[in-house]
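Knowing the structure of chain C, use the given hints to seat chain D on it.
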Amino acid sequence: MITGLLFILFAGMAIGCAISVVVQRNPLYGAISLIGVFIALAALYLTLAAPFIAAVQVIVYAGAIMVLVVFVIMLLNVEEEVNRPLRLRALVPIGIVLAALLAGEAAFILYFVGASVSETINAAASNVGSTSSIGTGLFTEYLLPFEVTSALILMAIVGAMSLARRDRMATPTAAITGGDSTPGALAAPINLRIAGEGANAEFSTEAVGRAMAQEAIRKLDAKKQRVEEE
Amino acid sequence: MIPLSWYLALSAVLFTIGVVGVIIKRNAIAMFMCIELMLNAVNLTFVAFSSYFNDVTGQLFVFIVMTVAAAEAAVGLGIIITVFRNRESIDVDDASVLKF
Chain C
1 MITGLLFILF AGMAIGCAIS VVVQRNPLYG AISLIGVFIA LAALYLTLAA
51 PFIAAVQVIV YAGAIMVLVV FVIMLLNVEE EVNRPLRLRA LVPIGIVLAA
101 LLAGEAAFIL YFVGASVSET INAAASNVGS TSSIGTGLFT EYLLPFEVTS
151 ALILMAIVGA MSLARRDRMA TPTAAITGGD STPGALAAPI NLRIAGEGAN
201 AEFSTEAVGR AMAQEAIRKL DAKKQRVEEE
Chain D
231 MIPLSWYLAL SAVLFTIGVV GVIIKRNAIA MFMCIELMLN AVNLTFVAFS
281 SYFNDVTGQL FVFIVMTVAA AEAAVGLGII ITVFRNRESI DVDDASVLKF
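Protein chains in written order, with our numbering: chain C, 1 to 230; chain D, 231 to 330.
Isolated chain C, as found in the complex:
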């Protein structure tokens, strides 16, 4: 009885938060709703006697992955979605028909096929969800997938770094114009190229130094001029 109530509570929370993820126009609100879904699913894992997976769900999903997503949302300063005219409007009725067909199939399976399968096979007092049983399975029978996973993570690290890296020209420019928000800051790469003697010249420390010096002299001149004007 109490498990039934818990299931209904957390299932409702999961579905409500999931709908909120889709409906919200601001991605940050969507991310917060998604955390709600993850928490609700972690609670459902607990009702399924899987405490380890529940803990990992909270730590990895609600913790690490969502922090990454929220960080990117903040970093990119994403504005709210704008309503755009729908392309391929003719496909909307076809989509509705297909969705109804799919819902009908799912209902058929749940009500007619599902009823013939004996449910509640669950034997009480097993240690299936415990950390030790998961660790044993992971390091004996499923050792190869586990190791392949580590290779996958390594590739993901390298891929993420090489994707998000700026190209080599950008970093010294940022150093030169750091803190300078005037439109003149945009001209700095051009100065840099001139200083490097040839636009395609290999980027050297000497060129950066010369460009920085020129930039400093230019700023100093501008300041002197301003003082004189006053």
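Do not take every clue at face value.
Computed footprint of chain D on chain C; a stretch qualifies when at least three of its residues, placed anywhere within it, have a C-beta under 8 Å from a C-beta of chain D [as the list claims (entries may be wrong)]:
hint	stretch
1	2 to 14
2	28 to 37
3	40 to 51
4	64 to 75
5	140 to 153
6	221 to 230
Hints are computed from structural coordinates only; laboratory data are not their basis. The structure presented is a predicted model; accordingly, all values stated were derived computationally and were not measured. All residues carry an ideal CB built from backbone N, CA and C; glycine is no exception.
This is chain D only, laid out in the frame that chain C set:
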């Protein structure tokens, strides 16, 4: 004890919401979050079957799915940042150069 079909129905509903989100959303990060939602719906199915059949394999698969999701998050967000840097927008309709 709750029947297994309840969990499967909840999982199907969550997965469907995720699919609908991927289809109707135009914001790359929102689409990304809907994909995470679909992965979680599948995880719920795995854990439900694992618990009802008394077999730990399903939970091991959930563990591996979570790892893949983490890797996907890192690479996917890297791609989104690169697209934003080039186009000043993460609307997927703006990144359509490869589309006929």
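Now for the hints, and whether the structure bears them out:
Counting residues of the stretch 2 to 14 of chain C whose C-beta sits closer than 8 Å to any C-beta of chain D gives 5, which meets the bar of three, so the coverage hint holds. Check result for the stretch 28 to 37 of chain C against chain D: holds, 4 residues qualifying (beta carbon to beta carbon below 8 Å, three or more required). Taking a C-beta to C-beta cut-off of 8 Å, the stretch 40 to 51 of chain C contributes 7 residues in contact with chain D, enough for the three needed, and the coverage statement holds. Here the stretch 64 to 75 of chain C counts 7 residues with a CB under 8 Å from a CB of chain D, which clears the bar of 3, and the coverage holds.
Against chain D, the stretch 140 to 153 of chain C contributes 6 residues with a C-beta closer than 8 Å to a partner C-beta. That satisfies the three-residue criterion, and the hint holds. By the rule of at least three residues with a Cβ nearer than 8 Å to a Cβ of chain D, the coverage given for the stretch 221 to 230 of chain C is violated, with 0 such residues.
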